[in-house]
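> So the protein sequences, as listed, match chains Y and Z.
Here the first sequence is numbered in our numbering, starting from 11 and rising by one per residue.
Here the second sequence is numbered in our numbering, starting from 265 and rising by one per residue.
Hints listed in this document are in silico derivations from the structure and should not be mistaken for laboratory results.
Just a few of them, taken from the derived set where beta-carbon distance is under 7 Å, the chain Y residues facing chain Z:
1) V225
2) C231
3) T237
4) Y269
Please read all numbers here as calculations on a predicted model, not as lab measurements.
Note that CB positions come from ideal geometry on N, CA and C, so glycine has one too.
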Amino acid sequence: MNKVVSKRQFSENVVGLDIEAPRIAKARKAGHFVMVRVDEKGERIPLTISSADVQRGTITLVIQKVGVTSRKLTALEPGDMVHDLVGPLGHATEVKKYGTVLCCGGGVGVAPLLPIVEAMKAAGNRVISVIAARNKELVILEDQIRAHSDEVLVMTDDGSYGRKGLITEGMESIIEREKIDQAVIIGPGIMMKFASLTTKKHNIPSIASLNTIMVDGTGMCGACRVTVGGKTRFVCVDGPEFDAHEVDFDEMLSRLNGYKDEEQKADQEYSCQVDKK
Amino acid sequence: MDNRADYLKAERSAEWREALRKTMKNKERTAQLRVHMPEAPAQERARSYVEVNSGLTAPIAMKEASRCIDCPDPTCISGCPVNINIPKFVKNIERGEFLEAARTLKETNALPAVCGRVCPQEKQCEANCFYTIKLNAEPVAIGYLERFAADYEQNSGAISIPEVAPANGMKIAVVGSGPAGLAFAGDMAKLGYEVHILEALHEIGGVLKYGIPEFRLPNKMVDVEIESLRKMGVQFETNFIVGKTATIDDLREEGFKGFFVSSGAGLPRFMNIPGENLVGILSSNEYLTRVNLMGASRQGMDTPVMRGKRVAVIGGGNTAMDSVRTALRLGAEKATIIYRRSLEEMPARVEEVKHAQEEGVEFLTLNNPIEYLGDDKGKVKQIRLQKMELGEPDASGRRSPQPVEGSEYLIDADTVVVSVGVSPNPLIPQSLPDLKVSRWGTIEVDPETLQSSIPDIFAGGDIVRGGATVILAMGDGRKAAAGMHQHLQNAR
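The following block holds chain Y by itself, in its conformation from the complex (with noise of 0.2 Å):
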């Protein structure tokens, strides 16, 4: 069991939580992921690490809520136990010294984006960011990228906030204006599907954080495979991180909806167990 210490409500629909794991927090690395248990009946769900605290040996996973475990999680308070909490999972990102590197985070992605953000920058990288929301509400970490960025360019469907359109327009513009040499791409499927689409387009080296579903979290199922360069692989022991231009993201995402069905019934019955409490 670990103990939720503090939490952070970055929109109506984001939260971020400071769990008590002490060994996790020492062992992780940018990149790397845990698999979160809510409760006794609760599924096994993968997020990736947002931040971590040596010293209160706490972690930060910043959860968005869509479905019945994200709703458990996100009414977590203070003093709340999670049942299960296992990691650091998964690859570590590879840092090092690239030259520029275009940080492209999509809605919640900007959470496992951070730490990448923060890692090239310290590794001497000079760091653009470019985040993006369907609107204001959902841009998350906007100062905490900007802490560890040299520019940062935010945007939003609606024009909210920042500027208006699609991650690719914000990106397209700065890939226009100077040379980038590596691009780091974290957010739903889709939006890393047309990033990665847009970063072929002018051969700049691209790693994706994949976000599959999982079971265990170990490689002991293969829920999470992913078709890479042509060959199957686990996202959870070989990535989750992979050459943006070598990922099938259709095959992906039609396996993202593999359970859409039952995940909207299980939503529903859980909606009507929570409004009749």
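For this one, chain Y is given, so just place chain Z on it according to the hints.
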């Protein structure tokens, strides 16, 4: 080994054993027929998680035990990977001392209720029974009797905890809580070590929990045996991935003097044929984990599972049988085994194949999938199968299947479970670059002591053997405990 022979001899000449042998002539003993295991009716059980084998009653167990002639040279023991004193526990059942029988099992076996259920006795103890070897008759039902004694003890509420030596002040870690790790932990605790089991998942038990279904091995049986280990002082830590949460070096700094790696062969194999990543195609590990560990079939649990109407399971091992029978219980209208050899070559236990057939599983043998076809949403719809014929025997001695040219055809399936084997889990070898591993990814160990190329690290079970059996893993656990004990005592 001489000690062992002397011990067996001394036990056999115990007064009660002498007396019991005289109560019945060997001719009378051998004239009796082997008992049949009562089973839940196929129609009922195929749609529920009730345990298929219902166990023996006391009178029937006593009668079956009387078939054993208490051989002077009990060959059955050599067939048991953990060397249970089989005649001693069987004779205790014959005289009605069921708790004593259970205690005998626990001298060498940390998980008798498990082994009595899942061991392939027909290839082990029972294959070496006097009846099998000399009389060409059906062997004493050693597995059923083991299960009977273990269950009797569990239900009696008088569970015996093996004696534990005074603490010797040495701390050792077990990586993985499957059968190998549990057997190792039991022996080391008896020797007075402070044993910490570190498990990656949120439950203890490894394949006993996530793999083998309730209808073959109820989880509560496993929990009772784990509780016994806890009472012996074994400490369990879940959600701990050695190599990730902490490295072996971190643990050495924390004072651990020895490590037993029993992390298993959890990595599923796929066939790498077109369409294998379509939605609805999953490994048996994923399928069984969702149902057994995560409770996906139960009301109120958050984990979902594919509930197909037409489910095809690829493979012919026990895992394939567990998967296809699980499919029936999840409501499949048609559940089919697709296997590239014939029924005779199937590696699954004969009993499991028989149970599957009774429950209505269809067997498509001498068939192999070569492609999966999906609908416009990327969900599997059909399988392209190729017929096979058996050619010459291969290196494993089995006749190798050859494709029949021009025999391809399509069948419908909305869920496919791929059960074509597992590879060793790479997490530990990856985190220890100096550890010697084979080209298959298994850890290389000394066959006698199970010590690896790193002196304080021992290994056993599937991480050494590749995919094998529960009881072989337990045998390794016991062997490694002896090996590590020797090593640590020498180092003192």
